[in-house]
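Number of protein chains: 2
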Amino acid sequence: MPSDTFQFHISARDGRARTGFVSTPRGDIRTPAFMPVGTAGTVKAMHPGEVRDLGADIVLGNVYHLMLRPGAERVARLGGLHRIMNWPHPILTDSGGFQVMSLAKLRRITEKGVTFSSHIDGSKYELTPERSIEIQGLLGSDIQMQLDECVKLPCSDAEAERAMELSLRWANRSAIAFGEQPGKAMFGIVQGGAVESLRIRSAEALAAMNLKGYSIGGLAVGEPQDIMLRMIETVEPFLPSDKPRYLMGVGTPDDIVESVRRGVDMFDCVMPTRAGRHGLAYSRFGKINLRNARHADDPRPLDETSDWEPARRYSRGYLHHLVKSDEILGMMLITGINLAYYQTLMAGLRTAISQARLADFTLETKFGWEQGDLPAL
Amino acid sequence: MPSDTFQFHISARDGRARTGFVSTPRGDIRTPAFMPVGTAGTVKAMHPGEVRDLGADIVLGNVYHLMLRPGAERVARLGGLHRIMNWPHPILTDSGGFQVMSLAKLRRITEKGVTFSSHIDGSKYELTPERSIEIQGLLGSDIQMQLDECVKLPCSDAEAERAMELSLRWANRSAIAFGEQPGKAMFGIVQGGAVESLRIRSAEALAAMNLKGYSIGGLAVGEPQDIMLRMIETVEPFLPSDKPRYLMGVGTPDDIVESVRRGVDMFDCVMPTRAGRHGLAYSRFGKINLRNARHADDPRPLDETSDWEPARRYSRGYLHHLVKSDEILGMMLITGINLAYYQTLMAGLRTAISQARLADFTLETKFGWEQGDLPAL
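Protein chains in written order, with our numbering: chain A, 71 to 447; chain B, 71 to 447.
It is worth saying that the hints were derived from the structure and are not from the lab. Treat the numbers as computed from the prediction; the structure is a model and nothing was measured. Among these hints, one or two may not hold up.
Identical copies go unnamed one by one, so any copy, or any two together, can satisfy a pair.
[Said to hold, decoys possible] No farther apart than 30 Å at their CA atoms in a straight line, the calculated lysine-lysine pairs in the DSS-like style are these:
(1) Lys357 <-> Lys175
(2) Lys357 <-> Lys313
(3) Lys194 <-> Lys114
(4) Lys394 <-> Lys175
(5) Lys194 <-> Lys357
(6) Lys194 <-> Lys394
(7) Lys222 <-> Lys357
(8) Lys114 <-> Lys394
(9) Lys313 <-> Lys175
(10) Lys357 <-> Lys114
(11) Lys182 <-> Lys436
(12) Lys182 <-> Lys357
(13) Lys313 <-> Lys394
(14) Lys194 <-> Lys313
(15) Lys175 <-> Lys436
(16) Lys114 <-> Lys182
(17) Lys194 <-> Lys436
(18) Lys175 <-> Lys114
(19) Lys114 <-> Lys222
(20) Lys175 <-> Lys194
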């Protein structure tokens, strides 16, 4: 049997934060990592070559969207998700569970799994832990997730416990279904709502399964940031320190900085891409709404110090015009600018950790956000 | 006074067809040329670097759209159209007349010009020959158009004559307003509906003005192709043979081939870009509707012989998926594929003319279209 080329290397620590890389046969993922979301087989409004150029080592695909359209078996027939997307680098897929809960209709959860109707055409599907792993295999995903049940916050402790225990049983079934796949990984997902004891129970039980990585799920679903950070702090000591930790669906730049400080290695979020399609830019000045009339006559670029050429090349006035005119190029440019800012932030975090100056980096970065945007001309 | 660096060089002829280049201070435009349409300051769904890479020497901007939003004075304050678009190569602008007729509300045409209400917010504007040239100057356009009145076909001969004569008077006023601008050009526009004698009168009168180029307007507005081609044949002998000829708003690949054979040098059309946003591809196989279910499981690229990497790289199945899912990337990719096909066609025409084999090239190209798409797998 070939040696497992899926490995996590930590090269430096600063407090609880770590930097290093996940090695896979498709390439290394520098951590802490931000993974752009490629929902239905495309990071919306971006060419894959751009996503690579702006610094992403890995993108995410959503099982829920892909199983409905174009369908997992079809993706496999077309050569797999990497092939169809023209993205030869690592791909992480979620299990579909979260989006079944948030998007599908007529959901019914049983011990076996979840049945639901497609939000596109109403057709019926079943998703079990085994089927989710099968789908992720058909897609060719490098990092796969167990099926879990993610409850909405706030919820009762009993409800959080029931869903967490079900997710643990599904983790076990997912691990069995995944089996041994050298070069690939299946992560378990810590659940437990906002209840510390449940989170600890979940993390301990998953750790005992000796998985290749651990996700923290069910957070950033509307609760205040302090609850999210407290849950991370709660589970972090119970997650194996030599395995990557992935905080699912998070988040704002501030969420990411604070979570990295608490030992998280991987992130994904639709914010930079979704905001980019609505004229909202993330930058070292904080959030900038390019729809605002103050930008209409502004010849300055969004950020002349950016590593990403479009952030330096195009004027705010032009970006404002594109946004106001609903031009696709506006979505393309601002999405790219946002993803580039996220990747620049991650690179800054990695360097800061390796130089043991994460605290200073955090202060400097937040100072920039708090200063806000350039004064109007 | 500097010598005029706007010049037209013809390097070879084949029948009435010509190949060569228009030289401008911003670069040469190889002819016959297809100019992608950059309506509101962006070739929709395309990065300008891509438009350049796929072979375009020049793009078009629409005065009507740009005067409404962001406004010509604002474009000038932001550094001009080339600057804001990040397109340092030549730009041609129309005069706004055609789109005022087709898009604006409450139009009123007088000898002085046209007043209208914006289709965006109803605000009132006046466009005169002088104001159109002023706007095109504010945009920084390299090749500017006279304001003209384009009548809808079919129309009465009297109506066609009235509009043609008005357009001639406006051509004179436009030429005076444009004055001497070394390195830039203003083209007159031949009108006259589908009436040969009116077209000839228009061409002769414009030729007497000794302009730097001549457009043929008011065609491809719904009339059969044979009428369009007959009008081109009618006016061609009356247009100075040493000046570029631009057939406005044309057209399909077949329209372009047939017009090049009749002595036309420049074209623009929204077809490749608009079709690209609706899942329709132009190719050497003719038109391909990627929305069609026959492509869903097809792993083959759209055209493995294409010069444009996305046409070779992405599968038809993936493009179908993107189109069905209304993904922006589908619009981006198919728009690029279409523009690349148009540019490949123009390059083929140029080479064929220079080798005096335009008749053979035409037959080969039409044979490819008539063969149709690849057989289904």
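How the hints compare with the structure:
Taking CA atoms no more than 30 Å apart as the test, lysine 357 paired with lysine 175 passes in neither setting, with 34 Å inside one copy and 38 Å between copies. Proximity of lysine 357 to lysine 313 under the C-alpha cut-off of 30 Å is found in neither arrangement, the shortest distances being 33 Å within a copy and 52 Å between copies. Taking the closest pair of Cα atoms, lysine 194 and lysine 114 come within 30 Å of each other only inside a single copy of the chain (26 Å); across copies the shortest separation is 37 Å, beyond that limit. Taking the shortest Cα distances, lysine 394 and lysine 175 sit within 30 Å of each other only across copies (21 Å), while inside one copy they are farther apart (34 Å).
Proximity of lysine 194 and lysine 357 under a CA criterion of 30 Å is satisfied in neither setting, with 40 Å inside one chain copy and 35 Å between copies. In this assembly of identical chains, lysine 194 and lysine 394 lie within 30 Å of each other by CA distance solely across copies; the values are 19 Å between and 39 Å within a copy. In this assembly of identical chains, the alpha carbons of lysine 222 and lysine 357 lie at most 30 Å apart only when taken from the same copy (27 Å versus 48 Å across copies). For the homomeric pair lysine 114 and lysine 394, the shortest alpha-carbon distances inside one copy (19 Å) and between copies (14 Å) are both at most 30 Å.
Taking CA atoms no more than 30 Å apart as the test, lysine 313 paired with lysine 175 passes in neither setting, with 36 Å inside one copy and 64 Å between copies. Taking the shortest alpha-carbon separations for lysine 357 and lysine 114, both the intra-copy value of 20 Å and the inter-copy value of 26 Å come in at or below 30 Å. Taking the shortest Cα distances, lysine 182 and lysine 436 never come within 30 Å of each other, neither inside one copy (46 Å) nor across copies (59 Å). With identical chains, the CA atoms of lysine 182 and lysine 357 are never at most 30 Å apart, being 43 Å at best within one copy and 48 Å at best between copies.
Neither within a single protomer nor between protomers do lysine 313 and lysine 394 lie at most 30 Å apart by alpha-carbon distance, with minima of 45 Å and 39 Å respectively. For the identical chains of this complex, lysine 194 and lysine 313 are neighbours neither inside a copy (37 Å) nor across copies (65 Å), given an alpha-carbon limit of 30 Å. Neither within a single protomer nor between protomers do lysine 175 and lysine 436 lie at most 30 Å apart by alpha-carbon distance, with minima of 40 Å and 50 Å respectively. In this assembly of identical chains, lysine 114 and lysine 182 lie within 30 Å of each other by CA distance neither inside one copy nor across copies; the values are 33 Å within and 48 Å between.
In this homomeric assembly, lysine 194 and lysine 436 never come within 30 Å of each other (Cα to Cα): the closest approach is 47 Å inside a single copy and 47 Å across copies. For the identical chains of this complex, lysine 175 and lysine 114 are intra-copy neighbours only, at 24 Å inside a copy versus 35 Å across copies, given an alpha-carbon limit of 30 Å. In this assembly of identical chains, the alpha carbons of lysine 114 and lysine 222 lie at most 30 Å apart only when taken from the same copy (26 Å versus 40 Å across copies). For the identical chains of this complex, lysine 175 and lysine 194 are intra-copy neighbours only, at 9 Å inside a copy versus 48 Å across copies, given an alpha-carbon limit of 30 Å.
The structure fails to meet hints 1, 2, 5, 9, 11, 12, 13, 14, 15, 16, 17 from the earlier list, while all remaining hints are met.
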